[in-house]
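Add chain P to chain G, keeping to what the hints say.
Keeping their order, the protein sequence lines are chains G and P.
Under the numbering used here, the first residue of the first sequence carries the number 943, and numbering increases by one thereafter.
Under the numbering used here, the first residue of the second sequence carries the number 943, and numbering increases by one thereafter.
By construction, these hints were calculated from the structure, which means they are not laboratory data.
Be aware that one or more of the hints could be misleading.
Note that identical chains are pooled: a pair holds if it fits in a single copy or bridges any two copies.
To be verified - No farther apart than 27 angstroms at their CA atoms in a straight line, the calculated lysine-lysine pairs in the DSS-like style are these: (1) 1073 - 1126; (2) 1126 - 985; (3) 974 - 1179; (4) 1045 - 974; (5) 1275 - 1073; (6) 1019 - 974; (7) 1019 - 1041; (8) 1338 - 1359; (9) 1086 - 1041; (10) 995 - 985; (11) 1045 - 1086; (12) 1184 - 974; (13) 1122 - 985; (14) 974 - 1041; (15) 1041 - 1089; (16) 1352 - 945; (17) 1241 - 1041; (18) 1382 - 1401; (19) 1241 - 1297; (20) 1191 - 1239.
These figures come from a predicted structure and were not determined experimentally.
2 protein chains.
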Amino acid sequence: MVKRERWRQDFSGWFNDVLQEADIMDTRYPVKGLYVWRPYGMKLRNLVFSILKQLHESSGHQEVLFPLLIPETLFQKEAEHIRGFGGQVYWVTHGGHQKLDVKLALRPTSETSMYPMFALWIRTHADLPIKVYQVVNVFRYETKMTKPLIRLREVTTFKEAHTAHATAEEAEAQVREAIKIYRKFYDELGVPYIVSKRPPWDTFAGAVYSIAFDTVTPDGKALQIGTIHNLGQNFAKVYGLKYEAVDGKHHHVYQTCYGISERAVAATIMAHGDDAGLCLPPDVAPIQVVIVPIPFKEKETPVENVAAQVKEELTSTGLRAHLDDRDLRPGNKFYHWERRGVPLRIEIGPKDVEKDQVTAVRRDTGERLTIARKSMKKQVGEILKQITDHLRERAKRSFEALVNSAVDLKSARELLKKQGGIIRVPWCGRESCGKLIAEKAEAEMLGEEIGAGPQPEAKCPICSDPATVNALLAKTY
Amino acid sequence: MVKRERWRQDFSGWFNDVLQEADIMDTRYPVKGLYVWRPYGMKLRNLVFSILKQLHESSGHQEVLFPLLIPETLFQKEAEHIRGFGGQVYWVTHGGHQKLDVKLALRPTSETSMYPMFALWIRTHADLPIKVYQVVNVFRYETKMTKPLIRLREVTTFKEAHTAHATAEEAEAQVREAIKIYRKFYDELGVPYIVSKRPPWDTFAGAVYSIAFDTVTPDGKALQIGTIHNLGQNFAKVYGLKYEAVDGKHHHVYQTCYGISERAVAATIMAHGDDAGLCLPPDVAPIQVVIVPIPFKEKETPVENVAAQVKEELTSTGLRAHLDDRDLRPGNKFYHWERRGVPLRIEIGPKDVEKDQVTAVRRDTGERLTIARKSMKKQVGEILKQITDHLRERAKRSFEALVNSAVDLKSARELLKKQGGIIRVPWCGRESCGKLIAEKAEAEMLGEEIGAGPQPEAKCPICSDPATVNALLAKTY
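If we strip away everything but chain G, and leave its shape as in the complex, we get (with noise of 0.2 angstroms):
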């Protein structure tokens, strides 16, 4: 079995090496907080978002592309939203060499660029709802330290979806079904999480209440991987968006946005990693299957030809399997393929050619098993199965593990000294509370949580009053 301490205890560490040794990112780029997708990377970002896609698409959501430039003149409309993020906003001031009239924002996010358009395609009822999405990069001027695909000043890969209701009612379901996709999404990839609705105090700029989708770290933090807006009529109220209800009425639409940016690659790395490196659930692994050839002399040929077959016998049942046929040891290539988390090797030698069998060993335990040729196909899709749901449930205990409760604020700052996570506490919900429940635990206060409320006669640790909620407690990235 492979270890996780390494994983644990130097956390960050890790995860730098796990991005250069398994070909994720290269991190030398010249300008802070930007990085190089690197090949196979790529084929893992592309994977984890086309689950992504595919959610959106099944759920009536159609891809759209908006300009990445805004106007000053637009970007600055909504009051709030710029109180928001004009600390953080990348401004072109120059074309060639000419200063330009307005300047113009790098999209941090698309709001502003996307509801002035919004504004034109909706004339009446019949034109609602509307439900859009697109990935793109996006930009913030991060003051923080920037860590890659955590904190980023271009998010390379964001998808933003963002839709117009006639009602209120349709917007709140629209946020209700955009929780379920975020929750089908990391259950999918096997990423753990705790949904939560952000205190008043971290809310989206220019939103009525946010949700907000949060992972630990192995070393015990917080991370956001998701969130969901209402954004009421704020942004509709400012761009003129507005509907010819049946009745002849004109009203104005009421809106929701919600993202996810490659933090959930980073989610599927940290959840399932080990000290060899990166380990990936057969979903999104690049290659599912590698094939290592194991030639003794004079023995060559047989193993190699039946390498080759096994190839394309997993091919032509849908898998991406690859065969490692370069002129290395096999030791060498063992290792290799480890650090790059594919979920299956296959080995190939001449006892193996003989016997008319393969030995597979899995990634995620270690385990070797000998499969008869015959039976291979059917029982190495049952084996990526099984590492599927041992990857899950292996994220899910460790990540279980560190979401607690404590009655008292003494035992949360305690309890997230010693070993960090998420604490719950029960809270009346009222702000004043929260801020003082979130400094005396010296940690943030995610939000009030979705989908569970406190214990019967549990009571707020300020005022004494009866809980209403649990709030959430954790130190963030």
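Showing chain P alone in chain G's frame:
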């Protein structure tokens, strides 16, 4: 047969109408040269570029993703390159409320962001060749008139490939491979083209020479739809791209790069369209077959059931089929899908149900066909193939009518005035003669034709020396 009169005589108006009516782009974004991809256009774009990506993957190119922002210090290292692009670069000068220490260019193309990283990736000959590509947004501060899909300030969809090789011969071979890939790509789209080597005064900034693909718009102008550059060692020397050869000596690498933008989508639209609007080749049509039920009163149910079955049957064969069951008159539906270029419409009325048949109508020719249900799957496949072939042939004929030869510059000039297109004239190959040829023909010189030489005994119309190549002349976009 649908006509192509407006398509030819008012191409610009025709093109803008198609973009709007077929839901390709919204051209009302309030910044010059920036446009919005709408859902149907986005699907078309993705299908077109998935062919191009597949051609790169299957020839050993690996997808990567580099940052958009390039520090001025890096960008300005290659002197020719900055001379070529300097006047067109957008500059980010501020992050939040701060002025940046080093201003950042929005990439107009990625040589200057990629090659410094290549320098880190290349150590020995074993690291070569490098063959990577990315599909990204690039920016040019165009001062000319902008036009959706054709002349943009944000090119939203730029496939750029970049390679590095040990020898000049390998770089030459890579140029040939790139030409082959681009030929296959445009052949699959049924877009006709001519390939030429751009003249020295129109070579890519920093390249040794440039190869270009041009097509002809319906109104007779040449449109560049792909370029391939042999960069020699120019960038390698500036950015220090060196490898250690087998003999232990260090050499600079040889490089190539080649790009295709969303003009590929424009070229597809214009090659096949007609006066009824968009007309798409089945390979890239977001909907390949639309099924329209024609219910008569009291016979609604069987018609609707059969329509749903037909949709299922076609979808199960891997076709992109859509059942239009909206509550609209069939005529409105016909018009709607005709404008969107759906290659084949299947109508199902009570008579069709009775006779166990369907009625198919081709978008390209308007031809109506009666097809027995039991052979439908097979026949629909065949008809789509015929449509593909017919569109390719028709586009080719239109193109060839516009590519002509002239032996003297007066007839070249007159032909260009009369009908536009591309005119071949014999050329000795000297730069000074070439410039005069273009000037006297009152046209641009695309370059010397690749794959075809001048007639025997042909003479350069300027110096009367024997012609060595065909110069291609045209008015250009």
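Query raised in the report: Between the shortest in-copy and the shortest cross-copy C-alpha distance, which are at most 27 angstroms for residue 1045 and residue 974: within, between, both, or neither?
Result: So residue 1045 and residue 974 pass the 27 angstroms test inside a copy (23 angstroms) and across (13 angstroms) alike.
Query - Alpha-carbon proximity between residue 1338 and residue 1359, which holds within one copy, between copies, both or neither at 27 angstroms - result: within (22 angstroms within a copy, 72 angstroms between copies)
Report task. Indicate which option fits the pair residue 974, residue 1179 if close means a Cα-Cα distance not exceeding 27 angstroms: within, between, both or neither. Result -> Between copies only: 25 angstroms across chains, 37 angstroms inside a chain, cut-off 27 angstroms.
Query - Homo-oligomer pair classification [residue 974, residue 1184; C-alpha up to 27 angstroms] - result: The answer is between: 26 angstroms across copies meets 27 angstroms, while 42 angstroms in one copy does not.
Query raised in the report: From the Cα coordinates, with 27 angstroms as the cut-off, is the pair residue 1019 and residue 974 best called within, between, both, or neither?
Result: between (30 angstroms within a copy, 20 angstroms between copies)
Query raised in the report: Is the C-alpha distance from residue 1275 to residue 1073 at most 27 angstroms within one copy, between copies, in both cases, or in neither?
Result: between (46 angstroms within a copy, 23 angstroms between copies)
Query raised in the report: With identical chains treated as interchangeable, where does the CA-CA distance between residue 1352 and residue 945 reach 27 angstroms or less: within a copy, between copies, both, or neither?
Result: neither (33 angstroms within a copy, 81 angstroms between copies)
Query raised in the report: Is it within, between, both or neither when you check residue 1086 against residue 1041 at 27 angstroms Cα-Cα?
Result: Between copies only: 17 angstroms across chains, 30 angstroms inside a chain, cut-off 27 angstroms.
Query raised in the report: Is the C-alpha distance from residue 1041 to residue 1089 at most 27 angstroms within one copy, between copies, in both cases, or in neither?
Result: For residue 1041 and residue 1089, only the inter-copy Cα distance (23 angstroms) is at most 27 angstroms; the intra-copy one is 33 angstroms.
Report task. Can you give me the call for residue 1382 and residue 1401, within, between, both or neither, at a CA distance of at most 27 angstroms? Result -> Answer is within; shortest intra-copy Cα gap is 16 angstroms, inter-copy 91 angstroms.
Query raised in the report: Taking 27 angstroms as the upper bound on the Cα-Cα distance, should residue 1019 and residue 1041 be classified as within, between, both, or neither?
Result: both (23 angstroms within a copy, 23 angstroms between copies)
Report task. Measure nothing new, just compare the shortest in-copy and cross-copy C-alpha distances for residue 1241 and residue 1297 to 27 angstroms and report within, between, both or neither. Result -> Answer is within; shortest intra-copy Cα gap is 14 angstroms, inter-copy 65 angstroms.
Comparing the model with each earlier hint shows violations of hints 16, 17, 20; every other hint is respected.
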